[in-house]
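Asker: Could you build the full structure based on these sequences and the hints that come with them?
So the protein lines, in turn, are chains A and B.
Here the first sequence is numbered in full-length UniProt numbering, starting from 1 and rising by one per residue.
Here the second sequence is numbered in full-length UniProt numbering, starting from 1 and rising by one per residue.
Bear in mind the hints are in silico, worked out from the structure with no lab data behind them.
Any copy, or any two copies together, can satisfy a pair, since identical chains are not distinguished.
Subject to a maximum C-alpha distance of 20 Å in a straight line, what follows is the list of computed EDC-like cross-link-like pairs (lysine to aspartate or glutamate):
(1) 593 / 545
(2) 262 / 202
(3) 600 / 582
(4) 647 / 498
Please read these numbers as outputs of a predicted model, since none were measured by experiment.
Protein chains: 2
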Amino acid sequence: MQTSTMYNMWLQYKIVNENNKDFWREVAVLSNSCIARSIKEELRFALNSMYKIAPDITTNHQAKIVIGVIKEISGLLNGKQKEIIADLPEEGYLITNNQGQLILTGKTDKALLYAVFHVLREVQLGNDVTSLNVVEGPKNILRMVNQWDNLDGSVERGYSGNSIFYENGEIVKDKSRIRDYARFLASVGINAISINNVNVWEEETYFITKKYLPEIKEIADIFKSYGVTLYLSINFASPIAIDGLDTADPLVDKVRKWWKEKVTEIYQYIPYFGGFVVKADSEHRPGPFTYGRDHADGSNMLAEALAPYNGKVIWRCFVYNCVQDWRDRSTDRARAAYDHFKPLDGKFHENVILQIKNGPMDFQVREPVSPLIGAMEHTNQMVEFQIAQEYTGQQRDLCYLIPQWKHVLKFDTHIKGEGTTIEEIVAGNVHSYKYSGLAAVSNIGNDDNWTGNTLAQANLYGYGRLTWNPGLAAETIAKEWIQQTFGKKESVLKTMEEILMDSWHIYENYTAPLGIGWMVTPHSHYGPNIDGYEYSRWGTYHFADRQGIGVDRTIETGTGYTAQYEMPNQLLYNNIDTCPDELLLFFHHVPYKYTLKSGKTVIQHIYDTHFSGYEQVEQLISKWETIKEHIDVPRYKNISERFSMQKRNAKEWRDQINTYFYRKSGIEDEKRRTIY
Amino acid sequence: MQTSTMYNMWLQYKIVNENNKDFWREVAVLSNSCIARSIKEELRFALNSMYKIAPDITTNHQAKIVIGVIKEISGLLNGKQKEIIADLPEEGYLITNNQGQLILTGKTDKALLYAVFHVLREVQLGNDVTSLNVVEGPKNILRMVNQWDNLDGSVERGYSGNSIFYENGEIVKDKSRIRDYARFLASVGINAISINNVNVWEEETYFITKKYLPEIKEIADIFKSYGVTLYLSINFASPIAIDGLDTADPLVDKVRKWWKEKVTEIYQYIPYFGGFVVKADSEHRPGPFTYGRDHADGSNMLAEALAPYNGKVIWRCFVYNCVQDWRDRSTDRARAAYDHFKPLDGKFHENVILQIKNGPMDFQVREPVSPLIGAMEHTNQMVEFQIAQEYTGQQRDLCYLIPQWKHVLKFDTHIKGEGTTIEEIVAGNVHSYKYSGLAAVSNIGNDDNWTGNTLAQANLYGYGRLTWNPGLAAETIAKEWIQQTFGKKESVLKTMEEILMDSWHIYENYTAPLGIGWMVTPHSHYGPNIDGYEYSRWGTYHFADRQGIGVDRTIETGTGYTAQYEMPNQLLYNNIDTCPDELLLFFHHVPYKYTLKSGKTVIQHIYDTHFSGYEQVEQLISKWETIKEHIDVPRYKNISERFSMQKRNAKEWRDQINTYFYRKSGIEDEKRRTIY
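Answerer: Right, here's the structure in full:
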């Protein structure tokens with residue numbers, strides 16, 4: 001474990017106060033599993049760091065702190081407490097003070113690990129933990145991160161250096177950084193990881209063979225010791241690529257047999273293997289369409305092979321026509337996931353989970369919520385977020401994403417009447433999903449600070465916390481993260497909370513307006529290029545002309561996408577008078593002089609938000625400067641550099657967007673500010 | 001020498017008729033220099049190929065054909081003929097029939113080589129050569145090609161495979177293809193070549209060291225045997241890069257000394273080395289500006305080192321601000337070369353030649369002629385063309401460039417009154433230049449047919465022919481090339497001449513209109529992206545808004561670029577009423593409804609040319625199909641594939657340009673054709 005402040009993220013374990021120091025001198029850990037070893041190691045590290053003490057780790061039931069699963073310590077609990085634990089899920093825990101003794105318990109060692117991180121978090125937040133009385137369980141079964149890492153060491157859409165898993169075509173030999181990553185994931189409740197890019201290239205196809213499985217098992221073991229189950233992204237055409245079969249048709253016997261034998265082989269190496277993540281028939285990846293089969297056929301074949309081992313198939317729904325003709329206005333990429341998958345509801349095996357991006361397009365700063373989420377009553381689903389800031393500033397620009405995700409999670413689909421929010425759907429509370437939850441593309445790499453911009457650590461932290469408890473407020477998560485990461489100084493806490501909480505709206509202000517999205521530099525996706533995707537094959541258009549802008553997705557005159565929503569959302573979006581301003585251009589094509597609910601015209605809104613967006617970045621930087629003295633030099637320098645990049649980026653966005661729309665609309669800015 | 005029709009370009013040596021077969025059975029070649037050996041080899045190859053004869057190559061003065069320099073054969077010539085030869089330049093030749101004996105003579109073996117290729121060309125064209133009576137000399141002293149080849153095997157702006165000079169970080173071992181390239185160059189009169197990219201990267205910097213000079217000498221020898229002098233592009237910062245000097249300041253003694261020693265070393269390896277090609281202070285390449293020196297300081301330092309060996313410095317004038325702010329309308333890239341170099345007139349040493357791109361921007365399909373050419377009375381100049389079709393279809397789309405170059409060469413600068421054309425300036429007939437001529441970026445690579453599109457061979461052929469005789473008509477060159485390359489079938493000749501001659505205007509029609517240029521995909525420069533460079537740092541803007549388009553470069557209201565031209569060109573361009581249509585948007589910003597001299601509005605011109613440009617491509621293809629039966633399969637296939645690519649490209653250009661301007665102007669096409 002390293003000790004740089006950047007590297008340590010939210011597990012700084014700085015001394016907050018000496019209050020409970022003596023309390024920690026002896027800790028009983030009543031287990032010897034690999035997870036228990038992680039617990040002991042974390043306690044030793046944390047207590048040494050915070051209190052400069054080396055605790056006695058014992059099995060003494062009389063210790064001031066006792067950590068053990070229920071069957072080991074039931075003698076220390078009363079009847080009510082035992083009942084509580086009986087009702088808890090496998091990962092849930094009880095923390096309680098019984099007659100001066102702090103007890104951390106649950107049904108499994110994994111539950112204990114979460115309990116320990118809970119207590120350590122409380123200590124870092126400066127709270128008195130001796131009298132804690134907490135019962136917690138995760139709201140979601142699957143709490144996953146996806147690494148988009150390649151064997152050559154690159155990370156697709158990575159903005160934090162290279163992979164911590166691979167370098168130069170090999171799995172890294174020194175796996176200590178992987179272990180640290182596992183710690184961080186466990187500390188916020190993540191329990192699953194896929195360790196290779198969903199685009200599975202030639203050599204990565206062999207990850208499921210004996211060439212790589214021994215070393216992948218080592219990685220799986222590391223994650224296992226932190227309660228994180230390992231998954232692999234697979235190439236649907238593996239039978240062809242690996243063993244020269246002449247087909248990968250999921251309904252052909254030899255293919256099914258091949259996968260069954262392959263899965264058996266994998267489980268011989270890794271008995272606790274999680275399963276497969278699959279990007280099929282998407283952006284030129286192979287899939288069942290090649291053989292005239294559908295996604296149910298494809299995923300069920302894999303599911304059948306995995307079922308005997310309790311393995312799962314996580315099947316991505318990011319399927320659309322990526323060779324669209326820009327001249328063709330009848331094809332609407334936003335419709336694609338729903339159109340492809342909804343008709344297949346009920347056809348998927350019970351160990352298949354569909355992974356659906358939060359919006360219908362692709363992780364834009366503002367999108368409506370995907371209408372597919374919750375629309376399949378009989379098919380397991382999970383939502384996919386992107387912690388990696390592909391379209392939201394690439395960890396140069398600050399964009400604290402928790403408010404965006406909260407916005408998604410709180411969205412009421414009305415699929416089963418009022419209150420059927422995304423949060424409840426992916427928790428499996430609306431339809432009776434066997435598996436469901438959240439997945440997200442990770443934002444980490446081998447930069448010293450893991451995330452490029454140190455402030456982007458908050459997104460990884462917050463994502464984890466939300467997977468466990470989506471009810472947490474974005475502000476609460478921000479405060480938790482700031483205090484653990486930068487200490488409890490009031491001015492730091494207040495200033496950084498403001499900085500984080502404002503950042504999403506600021507980023508939205510200076511980039512693509514009113515839900516239209518895109519307008520980014522092709523390929524890199526950083527910086528403005530208003531027409532960058534306008535005449536392309538990607539289905540991502542704004543249709544700006546001299547009169548107006550926006551995509552008509554209404555039922556009457558547009559692509560009919562709005563019909564994919566339940567009432568009343570369908571009406572809300574379909575009707576220009578009720579469509580929320582921030583999504584207006586996603587759903588409607590309007591004249592530049594159309595008046596928003598805000599009272600401004602669309603064009604004046606564009607000008608105003610772009611001028612103010614840039615000014616807000618300047619203000620972020622000014623605020624940041626006020627707390628300079630309280631931030632250590634490496635982190636101050638890193639964050640300041642990123643702010644400088646953001647300022648340059650915001651200026652380009654401001655001026656290009658304003659100039660583009662001024663040239664196109666010919667309408668003057670009411671305030672006569674400089675447009676080029 | 002290979003024998004594929006694609007590979008053999010215009011030296012097919014197919015039998016045309018048997019007329020002079022017996023005439024060729026004995027040929028006297030009265031020399032044994034390396035060039036004479038090339039002559040003999042070429043004769044053997046050609047005569048075997050055309051007539052299936054193995055000629056006796058003798059030194060018999062009574063042979064029917066005698067090839068020798070004047071001092072060897074003066075006994076065979078009359079007094080008048082001797083006078084003619086005395087007046088010829090070193091490379092000029094006399095071909096004459098004296099009493100049934102065909103004599104090829106001149107002052108040098110190089111002249112004989114050109115004479116031999118002349119006669120072989122006549123044979124291939126089906127002409128009776130026994131009675132030839134020709135006196136020819138090149139109009140230009142320097143007739144150069146620049147290879148933009150890199151040591152890794154790539155070719156910057158190469159569209160014909162990889163380099164024939166380098167692969168995988170090494171100079172190629174098998175140099176037979178380099179020899180063939182030398183043959184082709186010599187056959188059209190090219191006498192100089194630089195063999196590495198003007199952007200000299202890290203390893204290529206070492207070309208002027210003993211690490212590479214032995215093998216470069218081998219290449220130089222090959223070219224020498226075809227009368228082609230080898231030059232190297234150098235890194236201005238070589239003293240720092242190679243020997244760790246702390247400066248490359250051209251006025252510092254140790255730097256000057258370094259270059260003198262370096263040049264001495266080079267000439268020890270290659271006594272007939274041509275000199276240096278230098279891209280300095282351009283697009284981030286190092287140069288004298290770093291040290292507060294000017295281009296005269298920089299080039300003169302090198303010139304001084306080269307002078308004792310008769311070496312030359314070819315100094316490129318492609319110097320401009322490539323980190324311009326698109327918001328800044330006062331900076332005009334078109335002005336840059338003139339503004340940088342004109343004030344330095346007279347300061348350059350006599351072995352420095354300024355190499356000036358034909359237009360002020362960068363090889364667009366249509367540009368005005370660079371006002372710098374001819375503007376420096378006391379400074380050697382040469383014009384630079386680009387045979388490689390970077391902005392003119394990249395050897396996928398057909399663009400026969402000879403008409404464009406003819407247009408440039410015929411341009412009357414009026415610098416010394418009427419008739420001071422570019423052609424006469426670069427021939428050294430207007431100012432008394434010691435050295436001048438033409439250079440061009442080559443279009444060849446290791447594709448079997450050298451040039452990607454087989455039809456692009458015509459550009460290399462024609463460039464060479466023009467360097468020798470700029471008076472040749474584009475049609476004449478086309479006919480020569482077609483007949484040598486595809487035979488003398490009348491329908492082929494007529495159809496292909498039409499195809500070639502129309503192609504430049506067709507390409508112009510479907511791409512950027514009215515001289516505005518650019519609108520291409522950034523970096524690759526193929527395919528449309530109307531705003532691709534509009535908000536960039538490259539100084540290449542169209543300023544299209546809802547009212548109009550174009551760059552105001554007038555004296556009164558614009559950048560004043562027009563003032564760089566002499567009268568009456570200055571007036572012609574500066575005055576919107578006299579400015580030629582095809583350059584209107586280069587010089588003026590006009591409303592879309594501005595009426596051209598053609599009677600059409602600008603917007604209707606855009607629509608019409610783009611619809612017709614695409615139709616013309618279809619017609620090209622139809623014409624091409626009519627001669628299918630007369631073309632061998634490999635070449636038919638290659639050219640047909642390229643036409644298909646061109647058709648797709650033209651469609652994208654048509655639709656994107658029309659859509660962009662329709663959306664921006666809101667003006668309907670008069671003919672109501674489909675705009676998206």
